[in-house]
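*Asks:* Sequence:
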Amino acid sequence: MTPDEIDSCCETVILSPEEEKGDQQRRTIFDACREPFRAPWFITIMGTGMASTMLLNFAYPSHWLKICGHVMFGFCSLCLLMTMLHFINTLIRYPDMRSEFTFHPSNAPFMGCLAMGFSSWVIALHSICDGRAPIFFYVLWWISNIASLYTAWVIPFFFMQRSTVKISELSVTLLLPLVSLTVTASCGGNIVPSLPESLKLSTTILCFLLWANAMTVSFIFLTIYTYRLLFYRFPAKGAIFTSFIPIGFLGQGAFAVQLCGVNFYNYTLETQVDDAQVAQLLHWVCVLAALFLESAGFFLTFFAFASVLSYGKHKFHYGFWAMTFPLGTMHHATRVTGELTGWTTFSVIASIYGAMSVLWTILCLCGSTYDVYTWFFPPNSERN
Numbered sequence: 001m002t003p004d005e006i007d008s009c010c011e012t013v014i015l016s017p018e019e020e021k022g023d024q025q026r027r028t029i030f031d032a033c034r035e036p037f038r039a040p041w042f043i044t045i046m047g048t049g050m051a052s053t054m055l056l057n058f059a060y061p062s063h064w065l066k067i068c069g070h071v072m073f074g075f076c077s078l079c080l081l082m083t084m085l086h087f088i089n090t091l092i093r094y095p096d097m098r099s100e101f102t103f104h105p106s107n108a109p110f111m112g113c114l115a116m117g118f119s120s121w122v123i124a125l126h127s128i129c130d131g132r133a134p135i136f137f138y139v140l141w142w143i144s145n146i147a148s149l150y151t152a153w154v155i156p157f158f159f160m161q162r163s164t165v166k167i168s169e170l171s172v173t174l175l176l177p178l179v180s181l182t183v184t185a186s187c188g189g190n191i192v193p194s195l196p197e198s199l200k201l202s203t204t205i206l207c208f209l210l211w212a213n214a215m216t217v218s219f220i221f222l223t224i225y226t227y228r229l230l231f232y233r234f235p236a237k238g239a240i241f242t243s244f245i246p247i248g249f250l251g252q253g254a255f256a257v258q259l260c261g262v263n264f265y266n267y268t269l270e271t272q273v274d275d276a277q278v279a280q281l282l283h284w285v286c287v288l289a290a291l292f293l294e295s296a297g298f299f300l301t302f303f304a305f306a307s308v309l310s311y312g313k314h315k316f317h318y319g320f321w322a323m324t325f326p327l328g329t330m331h332h333a334t335r336v337t338g339e340l341t342g343w344t345t346f347s348v349i350a351s352i353y354g355a356m357s358v359l360w361t362i363l364c365l366c367g368s369t370y371d372v373y374t375w376f377f378p379p380n381s382e383r384n
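First residue of the sequence shown: 1, per my numbering; consecutive thereafter.
To be clear, the hints were calculated from the coordinates, so they are not data collected in a lab.
You may find that some hints are simply not true.
To be verified - Simulated pairs of lysine-lysine, DSSO-like, Cα-Cα distance not exceeding 27 Å:
id, residue 1, residue 2
1, Lys237, Lys313
2, Lys237, Lys166
3, Lys166, Lys66
Here the structure is a predicted model, which means the values were calculated and not measured.
Throw the hints in and build the complete structure from the sequences for me.
*Replies:* The structure is reproduced here in structure tokens:
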């Protein structure tokens with residue numbers, strides 16, 4: 001298959017919001033239960049979860065934004081509940097499909113969306129609870145940790161063991177399982193300040209290890225994917241929104257490493273005052289590492305927008321969701337940089353990224369809701 005044919009399949013098989021209309025009859029919830037679940041639908045949790053964390057922790061916070069964040073968190077929780085129920089239903093009804101979520105290249109990489117979506121949900125819930133119930137969130141973080149390690153280690157292993165994909169057929173969606181490690185690292189970084197003293201250092205070190213693992217492997221994959229773009233052109237129009245995916249590991253990586261630096265610095269001040277200068281040095285090293293990642297994120301943001309605009313107008317499909325999470329990661333990264341350095345420019349950049357991500361998430365929610373409605377009530381269906 002040619003690259004264009006592969007990407008066209010991604011549009012219709014992976015990213016398409018609805019099946020063929022068939023006989024155009026109205027459908028019921030029982031019909032929906034009989035439909036096999038598709039792993040790309042986990043991206044709705046990821047997008048709404050990121051939007052809720054941004055609204056709750058915006059670069060320029062306000063009370064009304066926090067209220068909107070609570071509402072968006074409700075949408076995220078609903079998406080998490082509905083997709084998980086549908087996912088479990090598919091595992092029970094279609095035993096033959098169970099292996100697809102680990103081995104099949106059309107479904108397996110998107111399991112990373114579940115891990116990232118769950119981590120984002122935990123971060124948002126932690127912000128709403130304002131640091132209360134730290135052990136509860138510590139347990140949730142370990143669940144997120146296990147899920148991300150499974151998607152980032154096990155799924156790529158089986159893909160490399162069984163796949164015969166050529167370089168011309170390589171899809172950037174394979175990066176999704178690796179990005180989940182950075183989201184879990186930032187999730188841990190968010191809960192560290194509220195944890196008991198005995199858990200702070202070990203959690204910070206684990207978060208740094210997750211971050212380092214994600215950065216090492218993601219840059220290797222990004223290099224290979226860039227080679228694919230240079231010699232085999234952009235993806236087809238239906239899959240062009242996947243160009244935003246590489247921004248995710250850069251933005252979330254910058255966010256996570258800064259949290260590691262801040263948490264280690266604060267822990268040192270609380271326990272080992274004599275080492276404060278070393279802690280401050282490490283803190284600024286983490287900020288510089290974040291600036292390095294953010295600069296690459298700015299470049300890929302331009303690259304992604306230019307790629308999408310080069311195809312002209314786009315009709316809504318589930319590929320639109322690929323734009324929500326990566327832009328949100330850049331908001332978090334630049335927001336923290338602005339807070340740590342006092343550079344107002346980064347706060348302004350963060351607000352721009354945040355506004356784009358939230359508005360695009362609302363657009364995707366509206367488009368997806370309409371698609372679900374037209375699935376249940378096709379335009380040409382008979383009226384009772």
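*Asks:* Are the hints correct? Go through all of them and say.
*Replies:* Results for each hint:
1. Lys237 - Lys313: Holds, at about 10 Å.
2. Lys237 - Lys166: Distance ~20 Å between Lys237 and Lys166 Cα, so the pair holds.
3. Lys166 - Lys66: It is violated: about 46 Å lies between the C-alpha atoms, which goes past 27 Å.
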